Amino acid sequence: MTESIITAENINKTYRSKDITVRALADVSLEVTKGEMVAVMGPSGSGKTTLLNCLSGLDSIDSGDVIISGQLLRQMSDDKLSEYRAKSMGFVFQAYNLLPVITAQENVELPIILAGSSQKEARKKAVEKLEMVGLGDRLDHLPAELSGGQQQRVAIARALSNDPSIVWADEPTGNLDSSNATEIMDLIKKLNQEQQQTFVLVTHSEDIGSQTNRILRMSDGEIVDDGK
Amino acid sequence: MEKLFGIEMNHLAISLASLMVIISLSTILLALRNRVLLKMALRNIPRRKSQTILIIVGLMLSTTIIMSALSIGDSINSAIRIGSLRALGETDIRLSSPVFSRFGDDYLDDAVLDRVERELKNDPRVDGILPLLRKKLPILNESNEKTISEVIIVGLKLDSLDGFTNNIFTPEYEKSKFEITDLDDNETIINKSLSDKLDLKIGDELTIVSPIGRTNHIVVEIIEAIGLAGGEESTPSSALIPITTAQKLFQRGSEYNLIEISIAGDVVYDIYSLDEKSSKEVSEKLQLIFTNQKASEEIYKLINSPEVIKKLKDELISRESNSDSSTYIKLSQLIDSLNIGYVTDDFKISITDTFIISIVLEVINEDLKNSLYIQLSELEELEVRDIKNSAIEFAETIASGIVIFFTIFGSFSIIVGLLLIFLIFVMLASSRTTEMGIARAIGTKRRHLIQMFTYEGLVYSFGASIVGTLLGLLSSVILMQLMIRAFSEDDEIIFYFSVTLQSIIIAFSAGFVLTALTVFLSAYRVSKLNIVVAIRGLSEEFVSEENLSTKKRALILFKWLFGPIPFAYDTWKIWRSGQGVFIRIFQLISLFFILPWIIIIFWKIFKFFQPWFISGWPLLPVGVLFMILGLDPEKGIAGLAYDSAAIVTLGIIITTLSIGFSVRAILRLKGFREELQKRISMTLIGIILLIFFSLPFDALDNLTGELEGGPEMFILSGVSLVAASVWIIMHNAEIIVWLVSKIIEPWKNLKPVVKMAIAYPMAARLRTGLTLAMFSLVIFTMMIFAILINLTNSIQENPDIASGGFDIRGTIRPELPIKDPKMILDSIQSEISSSDFSVIASQASLRIEARQQDTEEQKIFKNARLVGSDDEWLNNNNYELTHWDPKYGSNSKEIWESLVKNSNLAVISAELIWEEDGFGPPRDTDSLQIKGIDPEEKGEIKAVNLDLRPPLGQGDMDRLEEVIIIGVLDQFADNYENSRNNIYMNYSIIEKISSKPVPFTVYKFKLSNDSSGSEITRILETLFINHGMKAKYIMDEIDQEQSQSNAFNQLFQGFMGLGLLVGVASLGVISFRAVVERRQSIGMMRAIGFKERMIQIQFLMESAIVSIIGSLLGIALGSLIAWNIYDTIGSEGVTFSIPWINVVIVISIAFFFSLLTTFLPSKQASKISPAEALRY
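From first to last, the protein sequence lines stand for chains A and B.
Going by the working numbering, the first sequence opens with residue 1, and the numbers climb by one from there.
Going by the working numbering, the second sequence opens with residue 1, and the numbers climb by one from there.
Just so you know, the hints here were simulated from the structure itself, not pulled from any lab data.
Take a look, some chain A residues computed to stay more than 12 Å from chain B by CB distance:
{"hint": "1", "residue": "Ala26"}
{"hint": "2", "residue": "Ser69"}
{"hint": "3", "residue": "Gly70"}
{"hint": "4", "residue": "Thr182"}
{"hint": "5", "residue": "Lys189"}
{"hint": "6", "residue": "Gly209"}
{"hint": "7", "residue": "Gln211"}
{"hint": "8", "residue": "Ser219"}
{"hint": "9", "residue": "Asp226"}
Ranges of calculated distance between the beta carbons of each label pair, as one might list FRET restraints:
{"hint": "10", "chain 1": "B", "residue 1": "Leu517", "chain 2": "A", "residue 2": "Glu206", "range": "56 to 62 Å"}
{"hint": "11", "chain 1": "B", "residue 1": "Ser741", "chain 2": "A", "residue 2": "Asn213", "range": "41 to 47 Å"}
{"hint": "12", "chain 1": "B", "residue 1": "Ser50", "chain 2": "A", "residue 2": "Gln71", "range": "37 to 43 Å"}
{"hint": "13", "chain 1": "A", "residue 1": "Ser29", "chain 2": "B", "residue 2": "Glu745", "range": "47 to 53 Å"}
{"hint": "14", "chain 1": "B", "residue 1": "Gly671", "chain 2": "A", "residue 2": "Gln71", "range": "54 to 60 Å"}
{"hint": "15", "chain 1": "B", "residue 1": "Leu1160", "chain 2": "A", "residue 2": "Gln71", "range": "30 to 36 Å"}
{"hint": "16", "chain 1": "B", "residue 1": "Gly671", "chain 2": "A", "residue 2": "Glu206", "range": "52 to 58 Å"}
{"hint": "17", "chain 1": "A", "residue 1": "Val224", "chain 2": "B", "residue 2": "Ser50", "range": "40 to 46 Å"}
This structure is a prediction, so every number in the text was calculated from the model and none was measured.
By construction, the Cβ of each residue, glycine as well, lies at the ideal position given by its N, Cα and C atoms.
Build the full structure now, drawing on both the sequences and the hints.
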């Protein structure tokens, strides 16, 4: 249980626009062990989303190192990283970010195909995942035809489609009402317990934070409390 | 140019410009009333510079195409115009003997000259009267043995040169002290062309070969080839000599053959003046003066009887379809004057027209006829030709013909350009749907959205019109270079770039107005947006219009029918309530412009019936009604048949829609899935229309009769054909998806990419369908043209079609006839003798008047040219016939042989067969047209009988010669003759018809061995210099013509290339927009594991799929239509073939550039950082 799956060492990230420089991450170091469910909390602009993007390799860092499952992200090419994301990571965003032109099922299938499975296999797995999130009857709906809660569940199904070791969730319940939010959190907790997948959640809500194993608190780009 | 599609360019420019001003002003007024909207609308323009540039590029293309079509027309017009003005110089009106133009040996004496001078003495419009003796003769330079077979020798009356010498010495030669009036009898002034060809310098001697033999003349000056020394189109060399010398050479006492009149000009082209109005007035004045008053009165008396007037009126009615022809106008003037009761000027002018006279001769009895002949011979004392005006008119006709041709083919590109504008706005709108949905939600009205979009759009349109006009000018400058280069060796015409202000105004405002209208339409569509749908970002497919109840629709219709009244009431109410009323009043006023109101009424009527129409069957009677209304009177109901292909086509489209909708309704009743209902019914509509529009043009003539339809039908059917195919494809896109996924099956890695590359276009079917239609339309047009160009090339493959197997054609001066060409060849010591030729054949020609027997409408005598050939020609030509009467022979050879035996048998040119107007220029209504032979139905025919008679002054017009037409020549045969309205017969018939001798003037040679044709041709000219032989090696002629027609084709292809640009641009614009629109999705795709390259490939693949399907469609449909055109106009010897190499090149270029334009945006897309893209 002490095996570390995500390690960050002194990572720094600065955004520069015309005349403003924002230090989004300042010497952040942290460690997340396998199967952990970690909440990243903090006020708006404290660097939560940036941290998540940098840890998951969606964004680059200025200095420091991120090691995921023993691999140094800095040393991976964009192609490698993309492949890695396809096979071993899942993403859930506040705005669901489903691809609007394909159906729920196809949205879930896509990462499976990307990871190299056959169409048939992908279909089977996608249906399975959608059933797991309770959307077995909405397979052929386009995202726009689903409610917000349903869309987020599709997004979770998509994130889980390749049975990733890490799932990144950026405000997964931010756009949902409380009953939908509770349902989504129950689902996440269930998955975390059953599949031993590592979850990193960015959230505003103390209520959601309290449901996780550990809360990381951020302020002005620094971790002020690593929850350990 | 002055006219386009029959509309004065000035009017076109003024009306388009006013329309533009009205649109702009009303928009500005509206905008100023509500500045918030204006501000909101315009803020996007400077903020998103790259988007603004992209939109302007997309919007400008139609303007570019219009501008380049117009300026190419201007350039060609200007080249021909300046060409003829150069040749005419100061001459505006040319007077000659009334018989001169028909045979060429009648002269004018001093008495006539005196009279002309007296009549014009105090006329301020005239600044010069110059009698001339102007003839073509051979000239040689004995010192170097160089010869020219045809030089225009101009004998000048040296004391009458006032008004003509203005430009005779151009600046280059001004330093010369020579005075033209000092020209001595044995001296000559030559033009540059002559000096170049014979290597003559000032002081050299040249030799003129004339009927009195050879005479020597000293060159005292060399001048520019303009004005009096301007030569002619085909004979650029010219020499000026004193009139007295010329009179000696031609053995004429003190006679002239021309009197030239110069008008003091006001409009100046380059250095030549033209006063159109004065020139016309003076011509008419002279025409009246030189029409014999007594003879006119006698003729008036002869034909002024109720019986004749009635018959003339009948004639007039039968010609109504041709009511702008000069014959029609003059005939109606003649009838009017007969009704007035005395000889009017109009009467005189109309009876001097030979065609009016032939009509009159037809309707009167034999006794009257003889008396009329006597009077007619007295009637015209002098022929007056308004020559400069006619030359200008000719330039105008050619140039506007070319512009019309360009516009017809270019209109496909223009349509594509307009579609692109529409597409851009649809995309712009869809990228702003959420924003606009919110705007609507907080209370913005529908018309506010329209206004905002229109403001923004108009600013783009304005920018696009400016850029488009400039780019159009630039591209036409480049395209004209092709023409300039191809014709640089040619003496006849010099091309250069030129454009008129009118054209610029027309292109600019037409571009602006078209763009503005499209913008307005798109804005209207955008405003229809459903608020909820917009905010939630549903695709456009989900938007359905609300259905109003019958009562509500009726109410709306009623309101609009009484239009302004309820509108005024509403306005009053608004005003009472204290709200801003300005816009309402403005709209109210604009309603009084009847046209928009009528359009709205029609639209509302349609809207009223729309729900019923959708169910299908109610459309059926409407469609059938249109079909019946459009029929040819022979097939349809009398009085209700409008003989219009457009109406019939409309009827067929409506009927097809009706069938499709009905099928859909039935399927719905049967409980089919909605998707399937739609697919089956829509595919059915597409297939029926596809079949209809791909039928040969005359396929339905048996049912409908031959219908009237102009070039608009070609455009309509082309666009509909492409639209129908795209329609079918878009409603069956799943098949293509399946096909594509099958094709890429082996490449596993590509699967997710392909999935997305298909999903996006499929999600926006309107957009995809439009792009596909645009791309196919472009390829379609290029394809048709590539094939049509290939058709004409077949002459080069088989020159015998055109030459008849002869190698050299020599034309001689009629006043220097040859007795026996073989004798001359053998008697003169030279490199060649008669044994170098296997055949030497001779031909003579005579203008005659002819009419067809046994036809009602062709009782009138019309123009044709009789070509009398010797037996050598008749027995040895290889011309193929397309039609023949089996009674006289079973193949072309036997038909020609039967002409040897019987001098009353004839073969005619293809041009003499009457044919419904096709793509070619309109036919001369005064030329003979034979009916009863179907030009398309090749093979055996029944002989047609003609009556021939000589023209006035050439023999007894009363004695008719009956002639039997037993064959028709291929249309490319004898292609290089001057006239193509030829009746080929045995020479002996000419002697029977003409009272004057008609010598052989054309000699045709077949070489024994054709190794050195060009060389022998040159030697022949020298050998026959005493007869002024102008010889042409036919192969050279074919090559030259081919290279020039290739240049024209290239010009045209370049022009069509602009269309390709539009197609390619559309793909680029779409990709650019797609990158912006899909930022977030791209981020997400990257997050779930798409690699950079995969994103890039996806974008490229989207374009590639559209361009490949578009190309395939374009190739297939283009070939089909080209085949239909070939089927209609093609003839023997022309083979249909698809120039695959060209096609592959064009398609590859299109494909390459469409990928290139997508490459940039796709690169941009792949570089999007996922974290950044997901942030908003």
